[in-house]
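Colleague: With chain A's structure known, arrange chain F on it following the hints.
One line per chain: the protein sequences are A and F, in this order. Under my numbering, the first residue of the first sequence is numbered 1, with each subsequent residue one higher. Under my numbering, the first residue of the second sequence is numbered 1, with each subsequent residue one higher.
Bear in mind the hints are in silico, worked out from the structure with no lab data behind them. Zero decoy hints are in this set.
Taking CB as the label site, the calculated pair distances span:
(1) A:Pro105 <-> F:Ser297: 35 to 43 Å
(2) A:Gln12 <-> F:Asn296: 33 to 41 Å
(3) A:Pro23 <-> F:Pro229: 39 to 47 Å
(4) F:Met257 <-> A:Gln66: 39 to 47 Å
Virtual Cβ for every residue (Gly too), placed ideally from N, Cα, C.
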Amino acid sequence: MVSGQYLSGAGQDIQLRVTVASPAPTTLIVIQNLPAGTVIESASPAFNQYNAGKGEVKWLLTHVSQGSYNLSLHLPLPLPSGGISGEIRYKDPASGRLTNLPVRP
Amino acid sequence: MDSDKPLAGGIPMVNIDGAKIRRIREEKGLTQLYVATVVGVTTDTISRWENRRYPTIKKENGVKLAEALEIQMTDIIDHGQPAPPPEPPSAQPSEPPSQEEPTAQPDTAPDAAEPVAPPVPESAASPIVPTLGSRLTPRTMVVLFRSFLLLALAGFALIWWYTGNDGEGQVTASRILPAHATPGIPFPVVIEVTTSAARPFSLILKETLPPDCIPAQGKPQFVNQESDPPALKWIGKITGEHTVYSYLAKLKPETKMETVHQITGGVTVRSDDNPSIPVSGTDSLQASPFHWADRNSDGRIDDEELLSVYEIYGGIEGLHFGKKLIEEIWSAKGYRWNPETRSYEILQ
Numbered sequence: 001m002v003s004g005q006y007l008s009g010a011g012q013d014i015q016l017r018v019t020v021a022s023p024a025p026t027t028l029i030v031i032q033n034l035p036a037g038t039v040i041e042s043a044s045p046a047f048n049q050y051n052a053g054k055g056e057v058k059w060l061l062t063h064v065s066q067g068s069y070n071l072s073l074h075l076p077l078p079l080p081s082g083g084i085s086g087e088i089r090y091k092d093p094a095s096g097r098l099t100n101l102p103v104r105p
Numbered sequence: 001m002d003s004d005k006p007l008a009g010g011i012p013m014v015n016i017d018g019a020k021i022r023r024i025r026e027e028k029g030l031t032q033l034y035v036a037t038v039v040g041v042t043t044d045t046i047s048r049w050e051n052r053r054y055p056t057i058k059k060e061n062g063v064k065l066a067e068a069l070e071i072q073m074t075d076i077i078d079h080g081q082p083a084p085p086p087e088p089p090s091a092q093p094s095e096p097p098s099q100e101e102p103t104a105q106p107d108t109a110p111d112a113a114e115p116v117a118p119p120v121p122e123s124a125a126s127p128i129v130p131t132l133g134s135r136l137t138p139r140t141m142v143v144l145f146r147s148f149l150l151l152a153l154a155g156f157a158l159i160w161w162y163t164g165n166d167g168e169g170q171v172t173a174s175r176i177l178p179a180h181a182t183p184g185i186p187f188p189v190v191i192e193v194t195t196s197a198a199r200p201f202s203l204i205l206k207e208t209l210p211p212d213c214i215p216a217q218g219k220p221q222f223v224n225q226e227s228d229p230p231a232l233k234w235i236g237k238i239t240g241e242h243t244v245y246s247y248l249a250k251l252k253p254e255t256k257m258e259t260v261h262q263i264t265g266g267v268t269v270r271s272d273d274n275p276s277i278p279v280s281g282t283d284s285l286q287a288s289p290f291h292w293a294d295r296n297s298d299g300r301i302d303d304e305e306l307l308s309v310y311e312i313y314g315g316i317e318g319l320h321f322g323k324k325l326i327e328e329i330w331s332a333k334g335y336r337w338n339p340e341t342r343s344y345e346i347l348q
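With the rest of the complex left out, here is chain A:
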C-alpha cells in the first residue's frame, strides 16, 4: 500500500517519490538519512525536523490519500552515491501496527 523510490539518490539534488495505494494510512513520516553534518540548502516540501548531528531529516505527511508524493532536498555540495538511505513510517490501516519501510537508492 506504501512504497518508496529514489528518483535521484546522489549529487546535489536528492529526490524521493512516495507512492500510496489503497488502503492508505492517514499519516506518514518520511525519514531521509544523510551523512552526519550535511548542510541543506533547501527542501520541498519543508521538512519538520532536521538533526544535523545525525544527518536525519523528517517530513510529516498528514491527510494522506492515494497517489504520489515527491520529496526533495537541494544540497550545496554533492553527495557520493550510496551515502544515503530513507525510511517511511506509518501505521498499517488493517492491523494498526507501526510499519518501517526502508528505501534504498
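Modeller: The following block gives chain F in isolation, referenced to the frame of chain A:
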C-alpha cells in the same frame, strides 16, 4: 382550551394529546425508555402523559418530547378541539383526570335525537341478531368500532415489533481515552459505536465525567450538558457500521497530580428495552505532568506516538486537540511541565 398557557409561577405550559403521543411513539418503534431519556423524565411520567387524554406539561418538556418523537411540537399539542367521543371504560386511566382534561360523557347516556332502529321480524333473522341490534345505539357501535380499530392497530404494532425489531442488530460502544492528562490541558475522547444494523436507527449516547472534569468541544456537538457531575448527551441516528462521537475535556487546573478519574457512559437504543449498553474500552485517566500524547511518559513524543495521535484523532474534522503543540513537541528534543506557568516548556 388554551394550548400554551403559563402557570401561576410563570412557567409556560402546554396541553398535549396523550393518545396521539402513544400512537406516534409506537408507530416509530420508540420505547418509553428512549423517550423518557431524551426528555429527562421517568418512564412512569411518559406513561402518565400517554394515558391521560390531554395532560398539561411544561412547554420545555413538550419541545423535548417532540424532539424525541422526531416531529414538530405543534403536532402533539391539543389545539382546543371539542372532546372526542368517550372511550370504553377499560381504556380510561386509573387516576382521576386533571382540571385541564375534558369531562367524558357516560357511554350509557341516551341521546334523545338518535333514531331508534325499527324492529326486525323474528322469522327474518337469527334469534340473537335482532336482540343485539335493538340494544346497540349508533354511539355504542362507534365505540365498538373504535375498540376494534385499536385492537387491530395493536396487533399490527405487535407484528411490526417482532418482525422489524432486529433493525439495530448488535450495538457496541467503545471509548478511547488517554491514560493520563495534565490538569488544565484539554484531552480528546473518542467513542466508536459499532452495529450490524441493516437500517438507520436512533440512539442516545451519554457520558458522565468525573466531578473534576470540565467538558469542552464535542464532535458532533453534544445536545445537553448538566453540571454535577458533568454529563454529555448525544441524540443521533446511526446510518453506518461505525459512528464516531468525540469530545474534548480537561481536568480542573487545581486537580492534584497522580489522582485517578473515571468516565462512564452508556448507549440507549430507541427500540431496545434494556436500560443501557455500557461503553467499554478505557475509562480511567490519571492527572499527570506528562502530555496525554506522550503515552510512555518519557518527556518526548516519538514517531509512533505521533502516528497514533493522527491515526485516532486526525480524521475527526474540527476536533481541536492541540495538534500544533504535539507537532512542536515531536519536532523538539522533548518537553517538561512548568507548574508555575501551567504550560509545557519545549526543549530544543
